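Residue numbers (the working numbering), protein chains in the order written: chain A, 3 to 205; chain B, 3 to 205.
One should not assume that every hint holds.
Remember, identical chains collapse to one label, so a pair may be satisfied in a single copy or spanning two.
Pairs of lysine-lysine residues, derived as DSS-like cross-links and limited to a Cα-Cα distance of at most 30 Å, are as follows [said to hold, decoys possible]:
#1 LYS182 to LYS149
#2 LYS14 to LYS148
#3 LYS148 to LYS182
#4 LYS41 to LYS182
#5 LYS117 to LYS41
Just so you know, these hints were derived from the structure itself, not from any lab.
These numbers come from a predicted model, not from an experiment.
2 protein chains.
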Amino acid sequence: MPKTAKEPIELKEACVLAAHEVIAEHGIEALSLREVARKLDVSHQAPYRHYPTRDHLLAEVMRRCFENFARSLDSRERFDEPSADLRSLGRAYLRFAVTHPLEYRLMFNTPWPEKADHPALVRDATHTMNILRTVLERIHGPIKVKKSTIDLDAMFIWSTMHGLASILQSDAMSHLDISKTAQGNAMQYVMDMIDAAMSSCVR
Amino acid sequence: MPKTAKEPIELKEACVLAAHEVIAEHGIEALSLREVARKLDVSHQAPYRHYPTRDHLLAEVMRRCFENFARSLDSRERFDEPSADLRSLGRAYLRFAVTHPLEYRLMFNTPWPEKADHPALVRDATHTMNILRTVLERIHGPIKVKKSTIDLDAMFIWSTMHGLASILQSDAMSHLDISKTAQGNAMQYVMDMIDAAMSSCVR
Numbered sequence: 003m004p005k006t007a008k009e010p011i012e013l014k015e016a017c018v019l020a021a022h023e024v025i026a027e028h029g030i031e032a033l034s035l036r037e038v039a040r041k042l043d044v045s046h047q048a049p050y051r052h053y054p055t056r057d058h059l060l061a062e063v064m065r066r067c068f069e070n071f072a073r074s075l076d077s078r079e080r081f082d083e084p085s086a087d088l089r090s091l092g093r094a095y096l097r098f099a100v101t102h103p104l105e106y107r108l109m110f111n112t113p114w115p116e117k118a119d120h121p122a123l124v125r126d127a128t129h130t131m132n133i134l135r136t137v138l139e140r141i142h143g144p145i146k147v148k149k150s151t152i153d154l155d156a157m158f159i160w161s162t163m164h165g166l167a168s169i170l171q172s173d174a175m176s177h178l179d180i181s182k183t184a185q186g187n188a189m190q191y192v193m194d195m196i197d198a199a200m201s202s203c204v205r
Numbered sequence: 003m004p005k006t007a008k009e010p011i012e013l014k015e016a017c018v019l020a021a022h023e024v025i026a027e028h029g030i031e032a033l034s035l036r037e038v039a040r041k042l043d044v045s046h047q048a049p050y051r052h053y054p055t056r057d058h059l060l061a062e063v064m065r066r067c068f069e070n071f072a073r074s075l076d077s078r079e080r081f082d083e084p085s086a087d088l089r090s091l092g093r094a095y096l097r098f099a100v101t102h103p104l105e106y107r108l109m110f111n112t113p114w115p116e117k118a119d120h121p122a123l124v125r126d127a128t129h130t131m132n133i134l135r136t137v138l139e140r141i142h143g144p145i146k147v148k149k150s151t152i153d154l155d156a157m158f159i160w161s162t163m164h165g166l167a168s169i170l171q172s173d174a175m176s177h178l179d180i181s182k183t184a185q186g187n188a189m190q191y192v193m194d195m196i197d198a199a200m201s202s203c204v205r
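One chain only, chain A, in its complex shape (with noise of 0.2 Å):
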């Protein structure tokens, strides 16, 4: 039986999963609760009752896309060996990237609301870098290293990582006559790179 969306922690929930739909069909330029009530048939004012702004309902469809990403990457093949380890993690990040384009795009390709106002957002979205820190830690060994080295470590591989998930999602390589065997290879490829590089500043 299909519910009303009108009791108060329904519409709360509606609100999200409305606000996904109208990023899915018409992109983020066009989400505003205005449109989120529109979709919902209710009153222009109800959406306002649980998010003050459209950037408040914006920060919380955001939060559960890192929310469901840092799930996706804790759940990976666990290996003892920091390398291999690191490797999973790459491997699931990608997986998530390419089976969820629209969360992934909302996570690092959207403009963020103000970041002061969102505290939950920030936390959730520090989660996720924080599983890449803590495999990166391992990698460096029991000498303890500074943060700095290890958010540049994690920038590189972040970067990469990025970089290879938004090239795949978008098809580019068969646009740029990428040989079809380096585009089979390329994920693998790119993981023995960030191996190599990490190798040679870790002794």
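Could you slot chain B onto chain A? The hints should help.
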């Protein structure tokens, strides 16, 4: 004196500029020949004289982005030493991405129109990839390597640069608790890591 946009050649040009404006203001989803006609204050049929479909106009908009991008890469500071030239290319790439965010997004974050119908777009896009391939051939030295090897290196480097460009554009670093030192040194460090990875595979 403003020119009328109704003369054939000028209208063809004006459509490209208007398409840019539509995309900048409302996103790629809003691009249509009807919207372009409205912006130019010409009849709905007028753009069809030059662009049979919306995708033909989009292909020309994208092609010009690649043309400008290639010009920008070709005018980088040149170095005899191939790995120094690769770094110079990397800096030119990131500079373009940061100073031309819309053009960059159109090239690499936009679904392509059917490529078989737009050979000029494919040609100019492939040319930009060939700039990187040429530098990579010099890095591999006098021994001829397979195209698939060059393409794999190109995929690794392009992924890394594309990811870093997207991250720099999005201000994502400031949201994910990346230390200030790491933020300031990320570009240099990522290029060092590319260098380290390339050195390990070119012997």
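Hints, one by one, checked against the model:
In this assembly of identical chains, LYS182 and LYS149 lie within 30 Å of each other by CA distance solely across copies; the values are 10 Å between and 40 Å within a copy. When the C-alpha separation of LYS14 and LYS148 is checked against a cutoff of 30 Å, the pair qualifies neither within a copy, at 42 Å, nor between copies, at 56 Å. In this assembly of identical chains, the alpha carbons of LYS148 and LYS182 lie at most 30 Å apart only when taken from different copies (13 Å versus 41 Å within one copy). Proximity of LYS41 and LYS182 under a CA criterion of 30 Å is satisfied in neither setting, with 44 Å inside one chain copy and 42 Å between copies.
In this homomeric assembly, LYS117 and LYS41 come within 30 Å of each other (Cα to Cα) only inside a single copy, at 27 Å, whereas the closest approach across copies is 35 Å.
The structure fails to meet hints 2 and 4 from the earlier list, while all remaining hints are met.
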